[in-house]
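Residue numbers (my numbering), protein chains in the order written: chain A, 1 to 452; chain B, 1 to 452.
Take the hints with a grain of salt, since some may be wrong.
Claimed, not checked - Listed next, the stretches of chain B that the computed footprint assigns to chain A, with coverage defined by at least 3 CB atoms under 8 Å from CB atoms of chain A:
1) 8-21
2) 49-59
3) 266-278
4) 344-354
5) 413-427
Unchecked claim - To give an idea of the chain A side of the interface with chain B (calculated C-beta under 8 Å), a few residues:
6) Thr121
7) Ser124
8) Leu195
9) Ser198
Hints in this document: simulated from the structure, not taken from any laboratory. Even glycine gets a Cβ: it sits at the ideal position worked out from N, Cα and C.
Protein chains: 2
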Amino acid sequence: MKLLGDTSPTHALVQWVVDSQWADIDVSTKTSVASSWMNWLACALGGANSPDADRLIRALAPFGRGDAQLIGRAEKFDPANAALIHAFTSNILDYDDTHWPTGIHPAGTVASALVAWASQTVVSGEDFLHAFLLGMEVECRIGLAVSPGHYERGWHITATCGVFGAAIAVGRLMRLEPQQMAWAVGHAATQSSGLVASLGTMAKSLNIAHAARNGLLSAQLARHGISANDRVLEARFGFSEGMGSRPLDESICKGLGQNWIASHNTYKPYPCGFLLHPTLDACLANADPSTFALGDIERITVNVHSLAQIRADRIHPLDGLESKLSLQHAVAIALLRGEAGVRNFTDDAANDLVVHACREKITVIAEEDLSKDEARVVIHLQSGQLITRSMSEPQPPMSQQALEQKFRELVAFGAPHCNADELLETLVRFPNMTNAADLSAMTVSQSSSDAV
Amino acid sequence: MKLLGDTSPTHALVQWVVDSQWADIDVSTKTSVASSWMNWLACALGGANSPDADRLIRALAPFGRGDAQLIGRAEKFDPANAALIHAFTSNILDYDDTHWPTGIHPAGTVASALVAWASQTVVSGEDFLHAFLLGMEVECRIGLAVSPGHYERGWHITATCGVFGAAIAVGRLMRLEPQQMAWAVGHAATQSSGLVASLGTMAKSLNIAHAARNGLLSAQLARHGISANDRVLEARFGFSEGMGSRPLDESICKGLGQNWIASHNTYKPYPCGFLLHPTLDACLANADPSTFALGDIERITVNVHSLAQIRADRIHPLDGLESKLSLQHAVAIALLRGEAGVRNFTDDAANDLVVHACREKITVIAEEDLSKDEARVVIHLQSGQLITRSMSEPQPPMSQQALEQKFRELVAFGAPHCNADELLETLVRFPNMTNAADLSAMTVSQSSSDAV
Numbered sequence: 001m002k003l004l005g006d007t008s009p010t011h012a013l014v015q016w017v018v019d020s021q022w023a024d025i026d027v028s029t030k031t032s033v034a035s036s037w038m039n040w041l042a043c044a045l046g047g048a049n050s051p052d053a054d055r056l057i058r059a060l061a062p063f064g065r066g067d068a069q070l071i072g073r074a075e076k077f078d079p080a081n082a083a084l085i086h087a088f089t090s091n092i093l094d095y096d097d098t099h100w101p102t103g104i105h106p107a108g109t110v111a112s113a114l115v116a117w118a119s120q121t122v123v124s125g126e127d128f129l130h131a132f133l134l135g136m137e138v139e140c141r142i143g144l145a146v147s148p149g150h151y152e153r154g155w156h157i158t159a160t161c162g163v164f165g166a167a168i169a170v171g172r173l174m175r176l177e178p179q180q181m182a183w184a185v186g187h188a189a190t191q192s193s194g195l196v197a198s199l200g201t202m203a204k205s206l207n208i209a210h211a212a213r214n215g216l217l218s219a220q221l222a223r224h225g226i227s228a229n230d231r232v233l234e235a236r237f238g239f240s241e242g243m244g245s246r247p248l249d250e251s252i253c254k255g256l257g258q259n260w261i262a263s264h265n266t267y268k269p270y271p272c273g274f275l276l277h278p279t280l281d282a283c284l285a286n287a288d289p290s291t292f293a294l295g296d297i298e299r300i301t302v303n304v305h306s307l308a309q310i311r312a313d314r315i316h317p318l319d320g321l322e323s324k325l326s327l328q329h330a331v332a333i334a335l336l337r338g339e340a341g342v343r344n345f346t347d348d349a350a351n352d353l354v355v356h357a358c359r360e361k362i363t364v365i366a367e368e369d370l371s372k373d374e375a376r377v378v379i380h381l382q383s384g385q386l387i388t389r390s391m392s393e394p395q396p397p398m399s400q401q402a403l404e405q406k407f408r409e410l411v412a413f414g415a416p417h418c419n420a421d422e423l424l425e426t427l428v429r430f431p432n433m434t435n436a437a438d439l440s441a442m443t444v445s446q447s448s449s450d451a452v
Numbered sequence: 001m002k003l004l005g006d007t008s009p010t011h012a013l014v015q016w017v018v019d020s021q022w023a024d025i026d027v028s029t030k031t032s033v034a035s036s037w038m039n040w041l042a043c044a045l046g047g048a049n050s051p052d053a054d055r056l057i058r059a060l061a062p063f064g065r066g067d068a069q070l071i072g073r074a075e076k077f078d079p080a081n082a083a084l085i086h087a088f089t090s091n092i093l094d095y096d097d098t099h100w101p102t103g104i105h106p107a108g109t110v111a112s113a114l115v116a117w118a119s120q121t122v123v124s125g126e127d128f129l130h131a132f133l134l135g136m137e138v139e140c141r142i143g144l145a146v147s148p149g150h151y152e153r154g155w156h157i158t159a160t161c162g163v164f165g166a167a168i169a170v171g172r173l174m175r176l177e178p179q180q181m182a183w184a185v186g187h188a189a190t191q192s193s194g195l196v197a198s199l200g201t202m203a204k205s206l207n208i209a210h211a212a213r214n215g216l217l218s219a220q221l222a223r224h225g226i227s228a229n230d231r232v233l234e235a236r237f238g239f240s241e242g243m244g245s246r247p248l249d250e251s252i253c254k255g256l257g258q259n260w261i262a263s264h265n266t267y268k269p270y271p272c273g274f275l276l277h278p279t280l281d282a283c284l285a286n287a288d289p290s291t292f293a294l295g296d297i298e299r300i301t302v303n304v305h306s307l308a309q310i311r312a313d314r315i316h317p318l319d320g321l322e323s324k325l326s327l328q329h330a331v332a333i334a335l336l337r338g339e340a341g342v343r344n345f346t347d348d349a350a351n352d353l354v355v356h357a358c359r360e361k362i363t364v365i366a367e368e369d370l371s372k373d374e375a376r377v378v379i380h381l382q383s384g385q386l387i388t389r390s391m392s393e394p395q396p397p398m399s400q401q402a403l404e405q406k407f408r409e410l411v412a413f414g415a416p417h418c419n420a421d422e423l424l425e426t427l428v429r430f431p432n433m434t435n436a437a438d439l440s441a442m443t444v445s446q447s448s449s450d451a452v
C-alpha cells in the first residue's frame, strides 16, 4: 500500500521506512547499529539502579502497571512507562552516544521504546535491529533538517527529535501501513518537547524519557486509526515551521538507504557532557598521564571554546548530576585520579573535599581561536614549574575493544548482578535470536528493589 | 516554607498558589469556577462515549491499568491515563469553554487531571474547586504573557499552557511545598507541546489530552523530589524564550488574587470552532429565525473576518470532526435545521446529502472591515428575494439557564445512562461535599463498553 505519490517529505520518509528491507543494508551499517545497541544497553544497565532511577520509579508507582520488564531491575511497568524509565536510566549517567553535527544521542529514545515494546511480544533480533536503525536514521535526518537553529533556540534536540525515532521504530515493529506511519509521525511531532533550560536538573533525562514514551504512544495511536496531521514535518504550523529555522524540503530524503546517517553514531568515552570531552582528553590522553597531588598545584587555567565556557564553567557542582557539566570538576578528577569513569561523577565525587579544593584553584577561559574539539590546560605547580596539556583534534571513535571495556565498567557499576561476559557473548549472536526479549531477560534483577 | 524572596516570576507565582486561601476568594469568582466545572462536566459526559473515545480507549488498553474511574464510562485506568482520556472526551465535541483574548479552553486540562487524581484519594468539593481555579488562573496568566505571538507561531495554546494548569492544580491538591511547585512548573514547561497543524485531526484533542496527563505527572515527579528548572518561565532557554514572543516578567503576577483572570471564562453555545460562532449567531439569533428548504436557496455568501476564512472556508468536511471547522457546514445546518447543537456536527450530519447540497451553494468571503465578532450571511433565494442576516457585536455570555440546558443536551447525547437532574442538584451542593469523587461516581456507566 502506498500513500499518494506526491512530493511530501513526510510521505516520502515514511514510505521508505515501510519499504525498507534488512537484506538490502550493507554490513558496515549493520555492524554500526550493533555497536549502538551494545552502547545503549551498557548505559541503560549502568543507570538502572541509580538513586535517581529509584526515585523516578517510586514516583511512577501509581501509574502504568503492566507486563513490560524493566532492563536491569526487577519491576515491570506498562510498555509506555517502561520506555520512559529505560530512556531515563540510559541517559542519567550522561555516557550515551552522540551523532554529529546535530548533538543528538540517537539510541536513547529508540532503543528504550523498542525494548519496552518487544518485552511483551515476540520480535526477532534482526527485526529489532532493523527497526532500531530506521528509527535512529529518521531521527538524525529530522535533526539535521532543523540544525543548527533548533538547538540554538533552546530545544533539547535529543528529546525533540528523539520522539520521531521512537515512533518510527515501534511503528516498524507494528508493521504500520504508510498512512498509519505518517499519522505516527504527526502524533510524534505534536508531542515534541524539551527545553534546554532543563539541563543540569533531573528534567534533562526526563525530556528524553518523555520522548521515548510519547514516540511509542504515537505508533500505538496511529495503529488504532487515530488520525494526526500526516504531512506534519513540512505543514503550515507544523514541526519545522514551529521548531525549525528554515523550510523543510525533500532534501531530508537525499541518499536514503545509501548514506546511512545513523551509522556515523559515536559513543562517549566519558560519562559527562560532550563539551568537557576535549578537556578530559587533554588531561588524560597525554603522553605523560601522571597524576598530581593537591599540594603540588598552585593554580590551573583551562582554555576552551566559548560554548564550553558558557555551559560548563561551574566551579562547585552540587551533586553528581551537575558535576557532569563542570569543567573544573572534570579537570580536578582527571589530574588527581588519572581517570574519568562513572565513579568520578557521582554525588560522592562531587562532594569529595580534595576534589573540591582542587576545583577552587581552576579558572576557565573562553578562547576565540579554539574550536569545540580543542582545549588547553595549563598547570602552575607550587614548584614554579608549568605543565601544559592540550588537545587539538577530534579523537577517533571508540574501538570495539574500548566499547566492550565500557560495557563491563557500566555493568559492574550499575547492574553487578549481571554477567557481563554472558551478555557480551549474547550480543554477538543477537541478530540471529528469535526473541529479542531473551537478552533483556538476562538483565533482570532477582531481588526486587526497595524503590516501589 | 518560602522560596528565596527574589524577583523570579516563576517563584512569585508558585508562592502565591501555595499560600492561596479559599476563604479569601470573592463570591462571584467562586460562582464562576462552579460554572466552569459544570460546563466541563457537561462536555466530558457529552464526549465520553463517542466513537473517537472508544477508539482511544482501545489504543490505551495495554497501558495504564489502575483504579482511577473514567467519567461517564465503566472503565478504570491509572490517574495519568484517566486524565488524558478525560481531556480528550471533554474536548472532542469542540463545545468546551474559552478564555479571551488568549483563546485557551482553560478548564479542559485542569479538571481532567483533577478528576483523575481525586478519584483515588479523598478531596473535598471546596479543595477541588480551589485547585481548579488556581490551575486555570496560572494557565491563563501564562497564556496572556505569551500572547498573541505564541498562537500565531503555531502553538496550540490550550495544550501548551494547559499543561501548567494541570500541574498547578494537582500540585495544590498534593499540597506541594513552594520548591516542589516550582519544579512542577519546570516539568510542565519542558513537556509543553502541541502544534496547530494538528487541528482538524484527532491529534487536536490529543494535544490537550497529553497536556492533562503531562501536567499531572509533573506534579507527581516534583512531589517525589525530582528536580527541574525552578525558574523555567523566565529562564535562559526556558518557556517564554523558546515559545513566547517577548520576555516574561513580574507583570504576570499583577493583581493576583484580586483580578481573577479565570473568572472571565466563557462557555461555547455551539459545539464547533469559535471562529464559526458569529456566523451561527447571525443565522440563528436573528429576529426571524425561520428555516429554509434546500430548493428555496439559489446561493449564499458568507462574509467573515479573514482568520475565519483562512481557517474555516471548508466546503465539504469529511466527517463530524472536520465539520466543526467548516463555515459552509455551519451555515447549512443553521439555515436548514434552525439549530446548531451536537447532533448537527456528527459524521451523519457531515455526510447528510441535503446538507451537502446546501454547502455546495455557499461561498465564504474574507472582508477586511469585519472584526472576529462579526459575520454577514446573504441568502439569495430562487424567488429573487435577498435575505441578509448579520451579527455585529459579541454575544453576551451564556446564562446559568442556558448552561443547564447545555448540560442536559450533552448528558442526553453522550451519557444517557446518567440522571441529569440529579447531577445538576449535586453540582449545587458540590462545594460542601466531603468527597469530590462522589459526584463523578454518579456518572459511571454500569455496562462496560465494548471498547476495551
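Find the hints from earlier in the document that the structure breaks and name them by number, from lowest to highest.
Checked against the structure, the hints that fail are numbers 1, 3, 4, 5, 6, 7, while the rest are satisfied.
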